[in-house]
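There are 2 protein chains.
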Amino acid sequence: MISDVGRWEPNARGRLEQAAMDLYEQRGYEQTTVAEIARRAGLAERTFFRYFADKREVLFSGGGELEQVLVSTVADAPASLAPIDTVTRALEAVGALLGQRRGREYARRRQRVIAANPELQERELIKLATWSRALAEALRGRGVAEPAASLIGEVAIAVFRVAFERWVDEGNRRELPELVGDSLDELRAFTAEVRSGAPAARAVSAAG
Amino acid sequence: MISDVGRWEPNARGRLEQAAMDLYEQRGYEQTTVAEIARRAGLAERTFFRYFADKREVLFSGGGELEQVLVSTVADAPASLAPIDTVTRALEAVGALLGQRRGREYARRRQRVIAANPELQERELIKLATWSRALAEALRGRGVAEPAASLIGEVAIAVFRVAFERWVDEGNRRELPELVGDSLDELRAFTAEVRSGAPAARAVSAAG
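So the protein sequences, as listed, match chains A and B.
Letter 98 of the first sequence, counting from 1, is numbered 98 in my numbering, and no numbers are missing.
In my numbering, each residue carries its 1-based index in the second sequence increased by 1000.
The hints are simulated quantities; they were obtained by calculation from the structure and are not laboratory data.
Here are the simulated DMTMM-like cross-link-like pairs (lysine to aspartate or glutamate), alpha carbons at most 20 Å apart as the crow flies:
hint : chain 1 : residue 1 : chain 2 : residue 2
1    : A       : Lys-127   : B       : Glu-1119
2    : B       : Lys-1127  : B       : Glu-1137
3    : B       : Lys-1127  : A       : Glu-122
4    : A       : Lys-55    : A       : Glu-25
One chain only, chain A, in its complex shape (with noise of 0.2 Å):
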């Protein structure tokens, strides 16, 4: 009734994602291919072509939504919202989204695979980096002006980073939003320790 190109397979997406990972596990990642991706999945080839460029694709085709949940929360936000506020429920949000979906277990054997890779590291670098300009980009929307927008935009991507980590690691029980939260006061705290390290030279250089 319904051609073979255009059948519709149940969880496509999810099957794929599935059986790509528990081959990146098992045989590593340089050594998996596409059609053995598929073959796993039970699926064509073309079908893995329809959801993902390639097999990198497989473990970052959730950047993009998740992307863009930081900058409407950030758009979204009420105008007296304070940036630091403002960014930090973002980042929450983010967090609550990527337990809810694929959720820790996921989270960690993705980490593993890309740990063990130099060229998922780099794709992992440049998704933050793009993250943390597209903050800077929502927050300048709201009239946050240029270097701040870009400074926060960059340490909350660090924020998030460490939270990942800690959320991540096997012996945390935290949830992630709950560990953002934790990344933020921490980071309160250590830049609000007093410089002690000659403040007259400071004032001299503030004032030349």
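With chain A's structure known, arrange chain B on it following the hints.
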């Protein structure tokens, strides 16, 4: 008297860097070959490879030394210095060195070349991620616990990136160490802003 293979070329590294930068700007990074860089510098191709692994590394050869300055500044700081002051000192040291060695104009040209090429942008992100990890390790060596050490390492690099962007901005006259200080002051200011969003919910979450 001296064989050709071992011939010492005055300032070969600097000449190769200059020639590479000229060609990357004029013809584009992708279009430039190692043979052309060597020819323009008036040196043999094998001399190029004595200094650099490939044409990309010409743009990143100073990174290892700067990382070493970051790490040793942190390691050598007085034990009484707070972590934030320690990394500030390290970033200011790197900033001063960048200004003295190759200067702002070189940094500007390098930045333009990198901005035009995704592969170079990736390499730059990797360099900065490496610096962040090296800073975290140096902080752990001073007894700073995790996740604070990683957080401070990440945030320090975020601060440095923003300061560096401002430094290479045509309109900016301030020196890099000062701009690092400015970015840290700005970080301090925005993290100190009172969280205006849902304080009650946060309190409950912290207690849970």
